[in-house]
Amino acid sequence: MGTTPFLRNLWYVAGWSADLAPGDRVGRLYLNKPVVLWRDMDGQAHALEDRCVHRAMPLSAGVVEGKALRCPYHGLEFGGNGRCTRIPAQDKIPETAKVRAYPLVEKQGIMWIWMGDVERADPARVPNYPIHEDPTYAWRSAHFPVKGNWQLLVDNLMDLSHLPYIHARTIGGNPELHFSTRTQSHKLPNGVRVARHMPNSEPPPTYVDAAGFQGRIDRWQEIEFEPVLIRIHTGACEAGTGAYEGRRDQGFSMRGFHGITPETETTTHYFWSMATNILTGGVPDEVFEQTARTFREDQDVLEMQQERMLQCPDEPLLDIASDVGGRHTRQLIARLLREDGDGDGRRRPHPAAAPATPQSELTP
Amino acid sequence: MGTTPFLRNLWYVAGWSADLAPGDRVGRLYLNKPVVLWRDMDGQAHALEDRCVHRAMPLSAGVVEGKALRCPYHGLEFGGNGRCTRIPAQDKIPETAKVRAYPLVEKQGIMWIWMGDVERADPARVPNYPIHEDPTYAWRSAHFPVKGNWQLLVDNLMDLSHLPYIHARTIGGNPELHFSTRTQSHKLPNGVRVARHMPNSEPPPTYVDAAGFQGRIDRWQEIEFEPVLIRIHTGACEAGTGAYEGRRDQGFSMRGFHGITPETETTTHYFWSMATNILTGGVPDEVFEQTARTFREDQDVLEMQQERMLQCPDEPLLDIASDVGGRHTRQLIARLLREDGDGDGRRRPHPAAAPATPQSELTP
Amino acid sequence: MGTTPFLRNLWYVAGWSADLAPGDRVGRLYLNKPVVLWRDMDGQAHALEDRCVHRAMPLSAGVVEGKALRCPYHGLEFGGNGRCTRIPAQDKIPETAKVRAYPLVEKQGIMWIWMGDVERADPARVPNYPIHEDPTYAWRSAHFPVKGNWQLLVDNLMDLSHLPYIHARTIGGNPELHFSTRTQSHKLPNGVRVARHMPNSEPPPTYVDAAGFQGRIDRWQEIEFEPVLIRIHTGACEAGTGAYEGRRDQGFSMRGFHGITPETETTTHYFWSMATNILTGGVPDEVFEQTARTFREDQDVLEMQQERMLQCPDEPLLDIASDVGGRHTRQLIARLLREDGDGDGRRRPHPAAAPATPQSELTP
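Chains as they are written, first to last, in numbering that gives the first Met the number 0: chain A, 0 to 363; chain B, 0 to 363; chain C, 0 to 363.
There could be a bad hint or two in this list.
[What the hints assert, rightly or not] Stretch by stretch, here's where chain C covers chain B in the computed footprint (C-beta under 8 Å, at least three residues):
| # | segment |
| --- | --- |
| 1 | 48-55 |
| 2 | 70-82 |
| 3 | 87-93 |
The hints are simulated quantities; they were obtained by calculation from the structure and are not laboratory data. Ideal Cβ placement from N, Cα and C applies to all residues, glycine included.
All chains, please: the whole structure from these sequences, using the hints.
Here's what the structure looks like:
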């Protein structure tokens, strides 16, 4: 397996709203296409093809002028819809003077972009993440470059059995505790949900420090995949107070948002946020840095893994018991890739490029 | 459009004579071929294939010995005609012991090289640039590497409407003044001539400082393309003294020489000189540096433009009104590429590789 | 000529035993295959495919645990035979959970690896180098990366006529002395032997300093190629004491071991040791550094040579008189490549990839 193809007809995280002030412009690749994100002086964010129609100059090297983005080379200007609005020293602006505009929606602090067929872009289907607007939570966000195919990051997050190894020096904890907990994976209509519950267990010291637990706790790790983002909810309540029936208001909650946007076949934009209901005054630098350090450990792993996969593209993978959530996710992705291909003949994934089907003798 | 192929049967600028002292040797790629330029101890400059016939070692890593260039690996020596003149520990030197010699002509401070068919190399057709020998001018030269196809540098210089944008912080000036001046482009038998005349206009402060104008001036910008170099003449005379009829002796003249030599498909040697009839005592560092800074701004633009073109090779370009000179130049280059192909079947440009024909709805 | 293909069914130097302590693991490419060398806590060295069977993670990023190597990602463990010995949170370990194990033999301070067909790996055919165990010699070793195809390093060592040029500032010496000495090359059943003898000659100052010669000497340079390593023996005895009949005990000996292991098509592991019968108390830093400096000069040359060969892959090479030993070696390699191809159809070298046959008009 070398790389998994792109799913095109989805809303992807393009960036964090707070990172793009009026007048800002930034050039990025999404799904291998050059895009300039920019915010006009009225505060509206836009996404355009990052290539001037005149001489192919990246518009992201230009400047925002009022409601327009101006090319740095010969001064052509473009509106948020991609139409050229000004050609210096020329009165008539022809129909063909336009660049591609990508649908962009801002919601809950996140900029979402649609890289697929424009007629299929439905703002009502932008994923929901109310935690970012919930006053009982404080949150902070980051944007990490990952030198690996997007599927590897999905695999990484859907199987937390890597914690005691990769993250031994950060959040790893005791391997045996991880292994003795049963992992349950459920297929959803458009997702996968993995849960690990540790009822009536001893609280770890960090939980005691954060939430002041005095007795035993009902603890959970819940991971939910939706193409292509992952929400991870970890936390605990006092034992027997109904955490597994949904009564968690009095408990300790950590919420991880993981937006996974392909940059190229072998690199990925990783947009993550962390939220907690304890530190409602704001997430202190040292807490944020500890999380960031953990995810940097994952970056290193994915880079090594990707490099080896490209060197040995024909070698199979082998599933183990803890891969149950990841396997369900790969099955869903494979189905979506088949369906996505129907909507756009040119981009139907070649059979040889389909995601690898690991050998599965070990599924529990 | 990715890149424009090479024109082979032309004299190209190889370098500046003053930069190659006796005993010097320098390895460069021209039109993707490794060449060593060297000057023997008698002062004669030569251009040889930069690859020893014995074990493919670059000769540019060797040393000049009298009239010969010695390979650094096993000591073979070669004369300016490419014939091996010495093989250590061996008496007989076979006919096959030779490297390719490229015709090289020195004239007016410029080394010119012929990379095409040897039998078509006519020293009488080396371009002329008498300004370098004119005692009423002082000049300085430079060699800039450009990370872009040679055509992009031609486009850049044939359309100076980019001045108010790219060079806003250096020589840009007032955009509106640029736009209100009519650009005239004329096809020549083997070139293109673009002229912008500003008769009876206010002199800019820099012109007043340099030449002491007291009243209005007749100002000109004249650009002449000849495959593949560009001469740019800017300047002014007192209004009504005959500047547009050729009487410019009493005026202020800036002469730019721009030698454009392909290095690879996506990189170019840019050899430029600037001359002026004002600073005949020599071009001071700060004046030279200001010009160099301007051209470095172009380097940055061409690099970004080339990168985007390689990422989106199938996307068309769109001509605008100010492209008239550039369009004439591209038409001439396309014709020369067709003719050049006739002389050497192996190198005939593939149709798919021909220079892009921009959409042309906007030509004035 | 671009590059010479790999000979697969040979024992290659994998590294120096002293460089791999218990618990150490190092990831390297041999013949383009990722391999992890590691030594278990009982002192046994192993070579495994450097790619976990689960998710393709490099095992060299893991840790040694007793007799096993543990993957850093999800904790799978592997024994020296490549079989998985532990999968966390899973009882049954399937047959397919294994990585490839490469035969590895340690002998005389050298680790030898077999990258070819496993059934042909015969430990009895591991090359012999008793100098490393000879108490009358002191030696030191190094591992140099070479940015060139392995054949270029073989060529370099089989033709020492490059000494007066490449090594003019280190061990070069007088060119004329080199040229006046006759080089004799003999084909062996599985090798080539080149000898240069200088009987009854003046001792060079370094020899006088090292060995205290008082009169004339019988001096020798003997180079022996065996696929793919080279032994170089240089030294001298008092004239007329029987050096050329093998009586060299009282003389001065320098022994060079040169293990040449392809890393990729264009890079090579160069494992060398130097031994001398004079400095039996150990090789001082400055003597070792002088040798290392010499070989770094070769590294630079091979890198330039390789780069040029890749740029001009279709250009022929030309043999000269001093290439007699190198030519015999290339003939042997070409024969072995034909034979090696028989054992493994997939890897039979393509005719176009066979080692270049230089033009040979000059053989003495």
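Violations among the numbered hints, reported as their numbers in ascending order = Going through the list in order, the structure violates no hint and respects every one.
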